[in-house]
Amino acid sequence: MTTSPSPTPAVRLTAIEKRFGAVRANRGASLEVRPGEIHALVGENGAGKSTLMKILSGAMPCDGGTIEVGGRDVTGWTTAEAIASGVGMVHQHFMLVPTLTVAENVVLGREPVSVGTFDRARAVREVEQLSEQSGLIVPADRLVADLSVGEAQRVEILKTLYRGARILLLDEPTAVLSPPEVAELWKVLRRVRDGGATIVLITHKLDEVMSVTEQVTVMRQGETVARFATRDTTPEGIAHAMVGRAVDLSVREGRSVGREAGGAPALEVRDLVVRGARVDRAVNGVSFTVAPGEILGIAGVEGNGQTELLEAIAGLRPVAGGRVLLGGADVTTLDVRARGDAGLSHIPEDRHRRGLILEYSIADNLILGQQHHFQRRGVLDGAAIAANAATQIAAYDIRPTDAALPAQALSGGNQQKIVIAREMARPFTALLAAQPTRGVDVGAIEFIHEELRKARDAGKAILLVSAELREVLTLADRVAVMYGGRFVTVLPRREANEEVLGPYMTGAKREDAA
Amino acid sequence: MSLLLFLAQTLRIAIPYLFAAAGGALAERAGVVSLTLEGFMLGGAFGAVLGSHYTGSAWIGLVTGVAWGLMLALIHAVCSIRYKADQIVVGVAINLFTVGITRFFLQLAFESSSNSPRVAGFGGDAGSSAAAFLTNPLVWMGIVVMPALWWVVQKTTFGLRVRAVGEHPQAAASVGVPVNRVRYVAVLGSGALAALGGVYLALDQHQFTDSMTAGRGFIALAAVIFGRWDPLRAGLACLLFAAAETLQIQLQAAQLIPSQFVAMIPYVLTIVAVAGVVGRSTPPAALGRTTD
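One line per chain: the protein sequences are A and B, in this order. By the working numbering, the letter at position 335 of the first sequence is numbered 335, and the numbering carries on one by one without gaps. By the working numbering, the letter at position 136 of the second sequence is numbered 136, and the numbering carries on one by one without gaps.
Simulated from the structure, these hints should not be mistaken for lab results. Just so we're clear, the structure is a prediction, and the values are computed from it rather than from any experiment. Virtual Cβ for every residue (Gly too), placed ideally from N, Cα, C. Any given hint could be a false lead.
[To be verified] Which chain B residues stay away from chain A? Per the calculated CB distances, all over 10 Å, these:
1) Ala67
2) Phe97
3) Ala172
4) Gly176
5) Val177
6) Pro258
[Claimed, not checked] Computed spacing ranges between beta-carbons, pair by pair:
7) B/Pro147 <-> A/Thr66: 50 to 58 Å
8) A/Val115 <-> B/Pro147: 15 to 23 Å
9) B/Ala285 <-> A/Pro235: 35 to 43 Å
10) A/Asp141 <-> B/Pro137: 48 to 56 Å
11) A/Val113 <-> B/Gln250: 28 to 36 Å
12) A/Arg270 <-> B/Arg289: 38 to 46 Å
[Unchecked claim] If you want the ones that stay clear, here's a sample from chain B, every Cβ over 10 Å from chain A, calculated:
13) Glu111
14) Ala164
15) Tyr267
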């Protein structure tokens with residue numbers, strides 16, 4: 001761990017402490033960023049990166065330590081003060097008001113005024129000017145609700161620039177972007193940096209760290225554990241610091257010999273049409289099959305119908321047209337439980353909303369949806385439930401191991417293991433896996449991927465949806481890209497890579513391979 | 001009955017709805033549930049009669065009526081914003097509290113459990129010509145209240161901030177908008193506006209009678225929902241409800257249909273409206289939610 005000899009760092013955080021109840025999110029964390037650099041702040045989920053940035057941006061106070069910006073002690077400042085001093089944060093979850101226009105969102109809190117009233121025309125003019133200067137092209141007059149994710153993010157960055165931000169903090173900005181949008185973002189950030197700004201980038205994607213940053217600070221369990229100059233290190237070196245042990249980073253591809261041949265499909269979907277909350281046809285005529293022993297991966301930018309597709313197959317959402325077949329039998333009209341008993345397992349994308357009841361114990365969560373198999377004469381069978389919990393907790397290494405603890409007491413990775421243990425334990429022929437590793441740490445990701453491969457090798461059919469293209473490429477035997485409610489291409493794994501899939505993900509290219 | 005008379009009667013009935021619905025629209029756009037309109041109105045009515053009784057001035061009654069509304073709104077704001085209590089529970093509590101406290105002071109001040117003595121009011125005596133109510137300044141204020149509120153919400157920075165904190169308070173906070181302060185102002189404003197509805201009722205009738213608002217606050221809230229939280233549309237909804245009520249009074253007098261059915265008209269219309277017959281209405285996304 002070396003410290004740079006720079007006289008006045010743009011940002012210096014020293015010995016930051018932050019507690020949330022019993023959890024110490026930051027334990028003496030530190031960070032030093034030089035003016036004019038792009039600095040990566042990396043670490044696993046829960047390492048305390050976002051907390052540290054929220055403290056720096058004034059969004060929450062720290063319990064101890066000092067914050068210096070441009071050599072000035074600003075410990076304990078508010079969001080408004082941070083903004084006034086040129087520190088702006090682009091949040092992971094967009095902080096935009098969907099019912100306001102782009103211009104209104106950008107100027108909110110610092111509105112141009114004429115004769116006591118909000119000067120909308122000037123707001124639009126200023127936003128358009130700034131948009132041109134920075135290369136962040138946005139439609140100033142449109143409602144934010146109507147923007148694409150990429151556009152929304154540009155609005156977020158414009159918001160900070162409008163407030164004169166000289167220090168930009170970006171929290172996982174690429175998580176929701178397609179590859180071309182990511183490339184565009186880097187171009188803009190470099191331009192902003194060349195204009196004299198300093199940028200701190202929170203990420204856990206090491207390829208981003210290597211390609212756009214000059215310095216890297218690594219956090220683990222609330223502490224700052226390492227700091228490198230990017231050119232002096234390797235992805236392996238950073239990963240080692242993140243996890244505290246050597247990690248195998250090689251992308252293990254799905255078997256290049258796909259299961260093109262062989263037998264009846266375990267899961268078949270024909271001309272499926274599903275209505276969405278905002279779009280009339282969120283899924284607009286999708287057909288595909290998944291063979292036993294195959295993983296079909298669905299790539300695509302989130303919000304293109306993946307959620308609706310999986311929920312419709314699972315029986316959580318009514319189907320407006322088309323059929324769902326499981327092992328050749330039509331299950332389109334069956335309810336969720338009946339589909340489960342017919343051999344369908346489902347790892348839902350949002351474990352808090354769909355996958356778990358957070359207040360319930362680990363043991364109860366492990367039988368959720370299968371409680372009718374754990375009863376005797378209409379009464380829950382405590383002994384069987386306890387035995388099931390003991391087996392699963394051991395098999396899936398769920399920690400802590402006390403089955404009576406409520407699920408909310410567990411980390412994201414361990415919560416996800418509960419869901420996966422439950423869905424893998426039931427007899428099933430097909431598995432729907434939606435964002436199976438979202439918000440879980442690197443160690444748990446490895447474990448979950450291994451479980452999915454094992455299930456595939458045991459002859460299960462798996463339909464995988466992931467916002468991480470890398471994850472799809474790592475696991476899938478065939479890759480489909482979903483855009484605008486349709487499958488725009490389906491490729492064998494060996495023909496799929498980021499360059500090939502990118503244009504399909506943005507809708508620039510389509511062959512309607514439905 | 002002439003059309004002019006029908007319109008005049010409709011307007012007269014609509015004024016308290018317009019004030020209360022304006023208050024409701026303001027607070028709800030800022031993300032605070034306005035179940036309290038009924039209580040604010042009743043408090044405003046009683047406050048107005050107290051002020052008018054002791055000073056003999058209807059104008060001072062107007063001021064004391066608004067003061068009562070502000071006081072009740074402050075309780076609502078402190079419980080809902082400062083202490084993050086469930087806004088529906090707080091709303092119900094404030095409504096019940098207001099019924100009790102006005103009854104208590106009615107007994108204390110006027111030694112009556114049903115009504116106050118006659119006080120100075122606006123718009124001529126009860127039973128005077130229908131046109132006399134046009135001399136009531138509150139009528140003119142009521143006519144402009146919705147357009148004025150629309151202008152505030154759509155055209156001022158305060159309005160922009162109200163809309164932002166009602167839809168996405170975290171986003172507003174992230175750019176330094178003082179979310180709680182905006183909500184306090186909106187709730188207090190809603191208390192003052194809704195109280196004016198009660199002031200109008202009391203000073204129009206020149207007295208306070210126990211529970212005299214009789215559910216008007218809830219009908220005003222229905223108008224807000226019917227109007228999809230837009231002041232102008234909510235204003236039109238108020239006029240519609242008032243027209244239905246006028247119609248009901250006329251039909252009742254004509255005795256064509258059993259009066260009980262006729263009496264239902266405004267309420268049935270309210271249910272139909274709120275049930276979403278006029279298309280789906282989407283409330284402000286953060287309605288009823290407080291954040292840290």
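Structure-based check of each hint:
no.	hint	in the structure
1	Ala67	holds (26 Å)
2	Phe97	holds (33 Å)
3	Ala172	violated (7 Å)
4	Gly176	violated (3 Å)
5	Val177	violated (5 Å)
6	Pro258	holds (43 Å)
7	B/Pro147 <-> A/Thr66: 50 to 58 Å	holds (53 Å)
8	A/Val115 <-> B/Pro147: 15 to 23 Å	holds (18 Å)
9	B/Ala285 <-> A/Pro235: 35 to 43 Å	holds (40 Å)
10	A/Asp141 <-> B/Pro137: 48 to 56 Å	violated (40 Å)
11	A/Val113 <-> B/Gln250: 28 to 36 Å	violated (49 Å)
12	A/Arg270 <-> B/Arg289: 38 to 46 Å	holds (41 Å)
13	Glu111	holds (49 Å)
14	Ala164	violated (5 Å)
15	Tyr267	holds (31 Å)
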